[in-house]
Amino acid sequence: MIDLAEKVLKGDVRAIARAISWIENNRPEKEHLIDALFPHCGNAQVWGITGPPGAGKSTLLDKIIEIERRKQKKIAVIAVDPSSPFSGGAILGDRLRMQSHATDEGVFIRSMASRGHLGGVAQATSGAIKVLDAAGFDLIAIETIGVGQTEIEVVGLSDIVLLVLVPGLGDEIQAMKAGVMEIGDIFIVNKKDRDGALKLKAEIEYVLGIQFADYPEKMKPIVMTVASMNEGIEELLTVTDDYFLKISNDGSLQDKRKTYLKSEIRQIFMQKVSAHVNHKYKFENRLDEWVDEVYQKKKRPYSLINEKINLFLRECNWL
Amino acid sequence: MKKIIRILIAKPGLDGHDRGAKYVARALKDAGYEVIYTGIRQTPEAIVKTAIQEDVDFIGLSLLSGAHNELFPKVVRLLHEQQADDIIVLGGGVIPDADIPQLKASGIETIFTPGTPISDVIQFIEANRERVSR
Numbered sequence: 001m002i003d004l005a006e007k008v009l010k011g012d013v014r015a016i017a018r019a020i021s022w023i024e025n026n027r028p029e030k031e032h033l034i035d036a037l038f039p040h041c042g043n044a045q046v047w048g049i050t051g052p053p054g055a056g057k058s059t060l061l062d063k064i065i066e067i068e069r070r071k072q073k074k075i076a077v078i079a080v081d082p083s084s085p086f087s088g089g090a091i092l093g094d095r096l097r098m099q100s101h102a103t104d105e106g107v108f109i110r111s112m113a114s115r116g117h118l119g120g121v122a123q124a125t126s127g128a129i130k131v132l133d134a135a136g137f138d139l140i141a142i143e144t145i146g147v148g149q150t151e152i153e154v155v156g157l158s159d160i161v162l163l164v165l166v167p168g169l170g171d172e173i174q175a176m177k178a179g180v181m182e183i184g185d186i187f188i189v190n191k192k193d194r195d196g197a198l199k200l201k202a203e204i205e206y207v208l209g210i211q212f213a214d215y216p217e218k219m220k221p222i223v224m225t226v227a228s229m230n231e232g233i234e235e236l237l238t239v240t241d242d243y244f245l246k247i248s249n250d251g252s253l254q255d256k257r258k259t260y261l262k263s264e265i266r267q268i269f270m271q272k273v274s275a276h277v278n279h280k281y282k283f284e285n286r287l288d289e290w291v292d293e294v295y296q297k298k299k300r301p302y303s304l305i306n307e308k309i310n311l312f313l314r315e316c317n318w319l
Numbered sequence: 001m002k003k004i005i006r007i008l009i010a011k012p013g014l015d016g017h018d019r020g021a022k023y024v025a026r027a028l029k030d031a032g033y034e035v036i037y038t039g040i041r042q043t044p045e046a047i048v049k050t051a052i053q054e055d056v057d058f059i060g061l062s063l064l065s066g067a068h069n070e071l072f073p074k075v076v077r078l079l080h081e082q083q084a085d086d087i088i089v090l091g092g093g094v095i096p097d098a099d100i101p102q103l104k105a106s107g108i109e110t111i112f113t114p115g116t117p118i119s120d121v122i123q124f125i126e127a128n129r130e131r132v133s134r
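Those protein sequences? They're chains A and B, same order as listed. Take the first sequence: its letter number 66 is residue 66 in this note's numbering, and every next letter is one higher. Take the second sequence: its letter number 55 is residue 55 in this note's numbering, and every next letter is one higher.
Derived by calculation from the structure, the hints in this document are not laboratory data. Small disclaimer: the values here were computed from a predicted structure and weren't measured.
Pairwise CB distance ranges (calculated):
| # | chain 1 | residue 1 | chain 2 | residue 2 | range |
| --- | --- | --- | --- | --- | --- |
| 1 | A | Asp-104 | B | Gly-107 | 25 to 35 Å |
| 2 | B | Lys-104 | A | Lys-73 | 37 to 47 Å |
| 3 | A | Glu-235 | B | Pro-101 | 53 to 63 Å |
| 4 | A | Ser-248 | B | Gly-66 | 48 to 58 Å |
| 5 | B | Ala-127 | A | Asp-195 | 52 to 62 Å |
| 6 | A | Leu-245 | B | Lys-104 | 54 to 64 Å |
| 7 | B | Pro-101 | A | Asp-195 | 55 to 65 Å |
| 8 | A | Lys-256 | B | Leu-14 | 44 to 54 Å |
| 9 | A | Val-273 | B | Thr-113 | 50 to 60 Å |
| 10 | B | Arg-26 | A | Met-229 | 25 to 35 Å |
| 11 | A | Asn-306 | B | Pro-117 | 49 to 59 Å |
| 12 | B | Gly-107 | A | Lys-73 | 31 to 41 Å |
| 13 | A | Lys-256 | B | Ser-119 | 47 to 57 Å |
| 14 | A | His-279 | B | Lys-2 | 19 to 29 Å |
Sample of chain A residues lacking proximity to chain B, with all beta carbon distances greater than 10 Å (derived):
| # | residue |
| --- | --- |
| 15 | Gln-45 |
| 16 | Gly-54 |
| 17 | Gly-168 |
| 18 | Ala-197 |
| 19 | Gly-209 |
| 20 | Asp-214 |
| 21 | Lys-218 |
| 22 | Ile-265 |
From the three backbone atoms N, C-alpha and C, an ideal C-beta is built for every residue, glycine too.
Same shape as in the complex, but just chain A (with noise of 0.2 Å):
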């Protein structure tokens, strides 16, 4: 086990694999990998790539590995596809996008299904983001699967995320006012040779002219692209680094990347905790017991459970 940790700080391809594999399939020897890893975290930029489905978000990261990589950086990405509700599998495409990079040495492309979980991103993403790290990517980029309102994990997770919107989607756009639009710190208009998309970009302008109405300073950044055609992509890379450049210097990178380690750590505390009551208490035997006095009405949801917890705490000797 501390052999793969040791692989994958090598930067050994099978080892990163497989250490995302454990990960995924929720190995118990994942606790102890992640822990090995952890040390050696923190280097890489961690991009998150979001927007409806079909908005180009892989051919722009096609282009804009093809761009990073003649500055000699290593880039990974994570490819996240929605796995099938009544299957459970998946077919995960992202990769075809990207394939041209598939034989070279500095680009780590992973496809994961996101197996029920809800945000846009995979249970396993985040813990997929370290390894990467660790085998010192200096760039991961996370594509997420195709969003609407409530797919914003994404946003915890990365240190920039990156808005691809595309013209003709009409009400569709308005409609993701109220959630994606608030996610986005750089704002991509892609396909911009297409009708409408001058009139998206004024339509983000004016949206984000309100959002940032009192400072005009925070305003964020709108940049039109032709991905398939690689057109402005390089102008993208640009507003990116210039972006990053100032959430390093002004503290608010640091202040995001200890936000998600606090909300990790409540998340992991909360579910250790959950599962010891589970298995300690016996939860889901006294369970069915306690349904049963409320469905028949002998009991009030919450006076039994205020009741139960008031017992369990005394049993713990917490009260």
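Let chain A serve as the given structure and place chain B on it in line with the hints.
Leaving out everything else, chain B in the frame of chain A:
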């Protein structure tokens, strides 16, 4: 919990007939597997690198151009060079019966020719589940 099996469906060679590969990819998804699909015209090198990065349990190669005797064994050879022999390789497409023994001898574990019911493919995968549950 049962391990979720990951399968790479890849098309080496120069033909663009990907209907079969797409059909199989979709059917395997419906059977509960995670299927990585790379599209047409993949080199054996790209297929092997992809399989390793994706940590797949199986590679399904589809080819209809007649270059199977060259390209299928090359994938197996490259996997061996990368110490990735644990990945099970299967083939499909218009493969003449006469070529099958030789392909199997070179490490392609099974060949599915046109008309094979998808249940045969799933049966093969399930029969090998123990081998890939590492």
